[in-house]
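Novice: Here is how the chains run, residue by residue.
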Amino acid sequence: EAGVAQSPRYKIIEKRQSVAFWCNPISGHATLYWYQQILGQGPKLLIQFQNNGVVDDSQLPKDRFSAERLKGVDSTLKIQPAKLEDSAVYLCASSDRDKGTIYFGEGSWLTVV
Amino acid sequence: AQSVTQLGSHVSVSEGALVLLRCNYSSSVPPYLFWYVQYPNQGLQLLLKYTSAATLVKGINGFEAEFKKSETSFHLTKPSAHMSDAAEYFCAVSDTSGTYKYIFGTGTRLKVLA
Chain S
2 EAGVAQSPRY KIIEKRQSVA FWCNPISGHA TLYWYQQILG QGPKLLIQFQ
52 NNGVVDDSQL PKDRFSAERL KGVDSTLKIQ PAKLEDSAVY LCASSDRDKG
102 TIYFGEGSWL TVV
Chain F
203 AQSVTQLGSH VSVSEGALVL LRCNYSSSVP PYLFWYVQYP NQGLQLLLKY
253 TSAATLVKGI NGFEAEFKKS ETSFHLTKPS AHMSDAAEYF CAVSDTSGTY
303 KYIFGTGTRL KVLA
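Those protein sequence lines, which keep their order, are chains S and F. Going by the numbering used here, the first sequence opens with residue 2, and the numbers climb by one from there. Going by the numbering used here, the second sequence opens with residue 203, and the numbers climb by one from there.
If we strip away everything but chain S, and leave its shape as in the complex, we get:
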């Protein structure tokens, strides 16, 4: 079974530029998550989708972050404009509700300079 795929793995941008991350979840997983992990901290949930609907985006900085999940499969997370404090790893994860376990991708590492 293929795992959660993310791209790009690494990205360096200047502040005020924009960036987009893509995620393809495990086939058949209805729930998709985007987490932000700042160095030395645990993952923090940014947004949770159930199929193509948003379940929780309470911690998403909506003035600069946006996410969508078209057709309930792939998802894109966008940051515009980026700030220095957005430097982090952006982890995509998916879950099969029946099994209650989330599976993570390798992460997209963002450095804002």
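Derived by calculation from the structure, the hints in this document are not laboratory data. Just so it is clear, the structure is predicted and the values come from calculations on it, not from any experiment. Backbone N, C-alpha and C define an ideal beta-carbon position, used for all residues, glycine too. One or more hints might be untrue.
Computed cross-link-like contacts, DSSO-like style, restricted to lysine-lysine with a CA-CA straight-line distance of at most 27 angstroms [claimed, not checked]: (1) S/LYS45 to S/LYS63; (2) S/LYS16 to S/LYS72; (3) F/LYS271 to F/LYS260; (4) S/LYS45 to F/LYS271; (5) F/LYS313 to S/LYS72; (6) S/LYS45 to F/LYS270; (7) F/LYS270 to S/LYS72; (8) S/LYS63 to F/LYS303; (9) F/LYS313 to F/LYS260; (10) F/LYS303 to S/LYS79; (11) F/LYS260 to S/LYS79.
Only part of the chain S face toward chain F is listed, based on derived beta-carbon distances under 10 angstroms [what the hints assert, rightly or not]: (12) GLY4; (13) GLY41; (14) ASP57; (15) ALA94.
Based on these hints, arrange chain F on the given structure of chain S.
Specialist: Only chain F this time, still in chain S's reference frame:
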């Protein structure tokens, strides 16, 4: 609201010694509990999970954890540390109400000394 607390951001053990990583949770409903491991430059990998079946849960790589409701704890142990166990370990809690929201602790970095 649910939360997890991991005591000790850094733990060092000698190779062959017992590994004990502490996790305490707070939840108003019976939770699901998880331990994940993160190696450098990688995503999080599931070590084990508790989903209200047996209180002693065995995971991969010789790790196990025991759910203790009276102590609200879910500590991770391994009898004998190996150099390859050096990594960051995260405890996580999820509710069982169907929203499947996962809250992660701040992590414990395990260092194994030769």
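Novice: State for each hint whether it applies.
Specialist: Status of the hints after comparison with the structure:
Between S/LYS45 and S/LYS63 the alpha-carbon distance is near 15 angstroms, which keeps this suggested pair within the 27 angstroms criterion. A distance of roughly 31 angstroms separates the Cα atoms of S/LYS16 and S/LYS72; the hinted pair therefore is violated under the 27 angstroms criterion. Of the pairs offered as hints, the one joining F/LYS271 and F/LYS260 holds, with about 17 angstroms between alpha carbons and a cut-off of 27 angstroms not exceeded. A C-alpha spacing of about 25 angstroms is found between S/LYS45 and F/LYS271, which places the hinted pair at or below 27 angstroms, so the restraint holds.
The suggested pairing of F/LYS313 with S/LYS72 is violated, with an alpha-carbon distance near 43 angstroms, which exceeds 27 angstroms. Between S/LYS45 and F/LYS270, the direct Cα distance comes to roughly 26 angstroms. Compliance with the 27 angstroms bound is thereby established for this hinted pair. Proximity of F/LYS270 to S/LYS72 is assessed by CA-CA distance (about 42 angstroms); at most 27 angstroms being required, the pair is judged violated. For the given pair, S/LYS63 sits about 20 angstroms from F/LYS303 by alpha-carbon distance, which is consistent with the 27 angstroms threshold.
A distance of roughly 22 angstroms separates the Cα atoms of F/LYS313 and F/LYS260; the hinted pair therefore holds under the 27 angstroms criterion. Restraint check for F/LYS303 and S/LYS79: the C-alpha separation of about 22 angstroms stays at or below 27 angstroms, so the hint holds. With a C-alpha separation of about 39 angstroms, the suggested pair F/LYS260 and S/LYS79 falls outside the 27 angstroms cut-off, and the hint is violated. The closest approach between the C-beta of S/GLY4 and any C-beta of chain F is roughly 9 angstroms, which is under the 10 angstroms cut-off, so the hint is satisfied.
The interface hint given for S/GLY41 is met, as the beta carbon of that residue sits about 8 angstroms from the closest beta carbon of chain F, less than 10 angstroms. This hint holds: S/ASP57 has a C-beta 6 angstroms from the nearest C-beta of chain F, less than the 10 angstroms allowed. A hinted interface residue such as S/ALA94 counts as satisfied when its beta carbon comes closer than 10 angstroms to some beta carbon of chain F; here the least separation is about 8 angstroms, so the hint holds.
Comparing the model with each earlier hint shows violations of hints 2, 5, 7, 11; every other hint is respected.
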